[in-house]
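Colleague: What follows is the residue order along each chain.
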Amino acid sequence: MITLVLRRLGSVLLVMLVVSGMSFLIFNYLGDPVNNILGVNASLNEREELRRTLGLDQPSYVQFWHFLQRAVVGDFGISYRNRLPVLELILSRLPATVELVMCATVLALGVGIPMGVYCALRPKGAFSRLLQMISLVGISIPQFLIGMLLILIFSVELRWLSAFGRGEVVQIGWWSTGLLTDSGRKALIMPVITLAVFQISMIMRLVQGEMQEVMRADFIKFARARGLTDRSVHLRHALRNSLLPVVTVVGMQIGSLIAFAIVCEAVFQWPGVGLLILQAIEYADFPVMAAYLAMVGFGFAMINLTVDMIYLFIDPRMRRG
Amino acid sequence: MTAALALDVRDLSIVFDTRRGSMTAVQEVSFTLARGEVLGLVGESGAGKSLTGNALIGLLQAPGRIAGGEVHLDGQRIDALPPEAQRRLRGKRIGAIFQDPLTSLDPLMTVGAQLVETIRTHLPLSAPAARARAMDLLAEVGIADPAGRYGQYPHQFSGGMRQRIVIALAIAAEPDVIVADEPTTALDVSVQAQILSLLRRLARDHGTAIVLVTHDMGVIAEIADRVAVMYAGRIVEIGPVTEVLHAARHPYTAGLMGLIPSLSRRADRLPQIAGSMPRPGQWPVGCSFHPRCPSAGPRCAADVPRPLSADDGMVACHLFSGGTLSPPAP
Amino acid sequence: MKLLFKPLILAAGLAALGTVAEANSLRFAESQDVASMDPHAARDDFALSLLCNVYEGLVRWNADLELEPALAESWEVISPTEWKFNLRKDVTFHNGNPFTADDVIFSYHRAGDTGSPFAGLLEPIAEVVKVDDHTVIFKIKRKYALLLNDFAGWYIMDKEFQESIGAEKPLDLMSNAGGAMQTQANGTGPFKLMERQPDVKTVLAANPDWWDERKHNLDEIVYTPITNNATRVAALLSGEVDFIRNAPPQDLERIEATPGMKVMRGPHLRTIFYGMDQQSDTLEGSGVEGNPLKSPAVRQAIAMSIDIEGIKRSIMRDNSNPVATQLAPQMPFYDASLDVRFPYDPEAAKALLAEAGYAEGFTLPITCPTGAFINDEQICQATAGMLAKIGITAQLNMVTPVQYDAGLPAGDFDFYMLGWAGLPTIDPYNIFSATVHSPTGDLGAWNPNGYSNPRVDELIILIGEETDLVKRQEMISEVVKTQRDEVGKIMLHQQFLTWGMTDKVNAIVPGDEYTRFWYYTMN
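Chains as they are written, first to last, in this note's numbering: chain A, 410 to 730; chain B, 5 to 334; chain C, 107 to 629.
Next comes chain A alone, as it looks inside the complex (with noise of 0.2 Å):
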């Protein structure tokens, strides 16, 4: 198992190497900040200065090397568009994002998974007809949509909830949570619905499939013969056994929302990573990108060495060697 971290690691410092490497062959394209920084009245010269200073005119690959010599000792540079160090920056949304998606991701597994069981156990049933075209809206609907309406449902027209921002929060150490306040934890609903609603239609299709396909194993069968309840076969044997695939793919979901939940956070002000990024990408902030995308990579990588270590967890059959 040790051999297996130590492996996975290796690889994570590849990935982190590879995307921002990507990373800086992509700015060439993204536009350039000088303009941003220096306001529209500066003069070609004063570009060249700046461009000179912040070492833009030099080729991708030298601007890389000089991200990687600095990234070492954990400098990744002043945002251009915040004019913050990149990394306290980062560090600073990622509560925001993290408490954002958790919640999410709570809430789709707590409404995805009976769900899915449900529909698994009555596939013909009129609910599980309805919530299945429920679901298939839900996959489909986007995201910014859902958010608008949100809004103009409980903010515009019965002015309950807050339409932008994450309401009043608490800083415990370098963590700030809203979870602790009434209006932070007011201004997480629209959010969090927003952002769950296709994880729930995902995961409750993904449930209901792995079920129906479990429920027709052996063992399923043999635990009835057991004499087992319905709701020991359903619960302990067959959801049990159908949660692997739910555990990959939520998992990479928590990454995937967490690096990119722009849409939702952008449509509510939610000052999180990805409204960073967004705006990042806007600005052509580079060493925001740079770093953000460097981060992102080492993330992703963690979330599958922690996704294979709940598999060991999970199924016993995996702990060998």
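In short, the hints are calculated from the structure, not lab data.
Relax, there's no trap hidden among the hints.
Straight-line Cα separation of at most 16 Å, EDC-like style, residue types lysine to aspartate or glutamate; simulated pairs:
(1) Lys-630/A <-> Asp-104/B
(2) Lys-249/C <-> Asp-574/C
(3) Lys-307/C <-> Glu-577/A
Following the hints, put chains B and C in place on chain A, whose structure we already have.
Modeller: Positioned in the frame of chain A, the structure of chains B and C alone reads:
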């Protein structure tokens, strides 16, 4: 005699409800089983033997259903019980063993936990008591080092060991009857023999009646007391194993027996008998076997032969409807 | 841990209670956050339009965009290269420090030294001499007409405070020196910074010790960036914010139809036009020999093919004003007699093209930003349709604003949409020097390969120096007329500002888009 019957199946019929209407798959099957007796239920695949087995344990899967007949367990009729009552019988009074031990166990649960779960579903035991019983069961089915093996997962056992665990699970609550559906088919020949002897020992020591569903006459010869031969949804012949093996009455049985030069050989098909068994829904009028029967006469294509009871057996064939149990000379 | 954050919750609760009270809190949402609280960090009108409420220059623009004294009480031109400024004596910074000549000199060096973003703006200044605590003399390198205009965009900072937080220099993007300015500010303006969470919230409070007479009645300004247009409008409609600048065009009707909401409009100083490559000998992808855009007749034909009234009606929904020159009517030295467009006449345009030798037309690559100007994409698409009618096949190339900002000055585009407002100088010189002068040295940065006329170049330099208003007007009109007659640009229109707000807010909508909150009141 009747009081000692562990299982009494009377005129059991199974139909499948399909869009094109009902299709009969098992028709008027009757047999009895005494305590400690092993009855082999044999036939080609599609004959209806597994369906019959499933019907006995109440796990007939939709769209199949019992359309007629009765199943009595220890004198109590069980086929008409509500689902929950049937569930309570399963595992407690009527156990089951399936073909593939590799897939019969939940891969994510230790064998100990699966045993305890089964025991506590049926017996009012405390957790430690259930655990102790689980160990005893493991020992009883021949697992060495039960304490060490208790916490292991199915994948850590070999195929034969797993089938032993399946058997342990089946007998966890000391059922009166066990329906074993091809319990050795997936196993190596050497392991087969061990499992069969284990089953026979259980029948002897615990008085458990066993319905052994198989297509393998070799298995029947090794363990069964009596044999019921199924063809196209009906039992065509029942008799003591030695009699059926050596002096089959029904032409189909005779054909089957012709196939076993040695008892360890398997017989998946009946090449000596031309043609193949018709599928449910395509059964011919009259005796289902008549298109393949070397001795078929005009009557065979018109009427279904009625079962004819003998001293310790039964046969359903027009050859015997004259009243004697020896076939008329051709 | 509980003990640790309990006071924080309490504080948050109290702050929430505070806003419920009768205080006039103007909640203001924008599409993005300002980059920094440092007014010298960038010549960025977006940031300065907020920071002008916190910091002040020696002079400032009033509600009618006229220059008026601010931190300087008065000034006199001692010689063409020496200006004396008498500083206001009763001014203190928000932290209580008195405002003196030392702060002016400090701010000059901070903003104007080589490497600072404002070095270009303050380039004409050779030296600042302190006469006494409240008098300074600016020695300038040459005759210069726009010193006061430039000073309105150069804000004075507190020497002592800046030194105390280690921000004597504007932020260095490599070393992060001066990073403290992201969340701190100490100016002399009508509002002071109370709280700042970058990208989340910035709170300003009225400065009770402001030197000027207080006409506004705002107690607090809560500035919230809301990136998404639809969400920003929803925040206004739901009553969570009171004021959004630049309401999206498609939402104007909805805002106006909502009870208690209104849209205030005003002409923008920015005019929108097409610039083009008039220097290269070939036009790549045009399918014809040579560069048709070199021919004034071709350029005029293009100008005459554009149905600007149609664009105003169907795309701008009447929120635009067609113009013939780059000077908006609200710009100083605007000359109405020159503001006469080529008539919309596709037939005549076709004839012109034929005369120029392009009877068969040609292919024209048009580069268009997506979201830099109001309805930019739709206008480009409409233009393509109109050009088709005179035989020119437009090839649209849509680019994001940041790609556009990089590619345009680099000369990557042959025919492009551009808008220029002349900020923060608010003088034709700014427009000319950036977009009309031939690209040389510090001039013509936004006119690559573009319009070039030696006489016009010469006049532009003189306009920068001339202080006599009559002579200036003559020269400016000559530049405007020459460029118009030679079709140096293909002019479109002046944008309108459309600011959405609740009825409670009384705002002013100046042509430079600055939010001068000291003129605002709330009912």
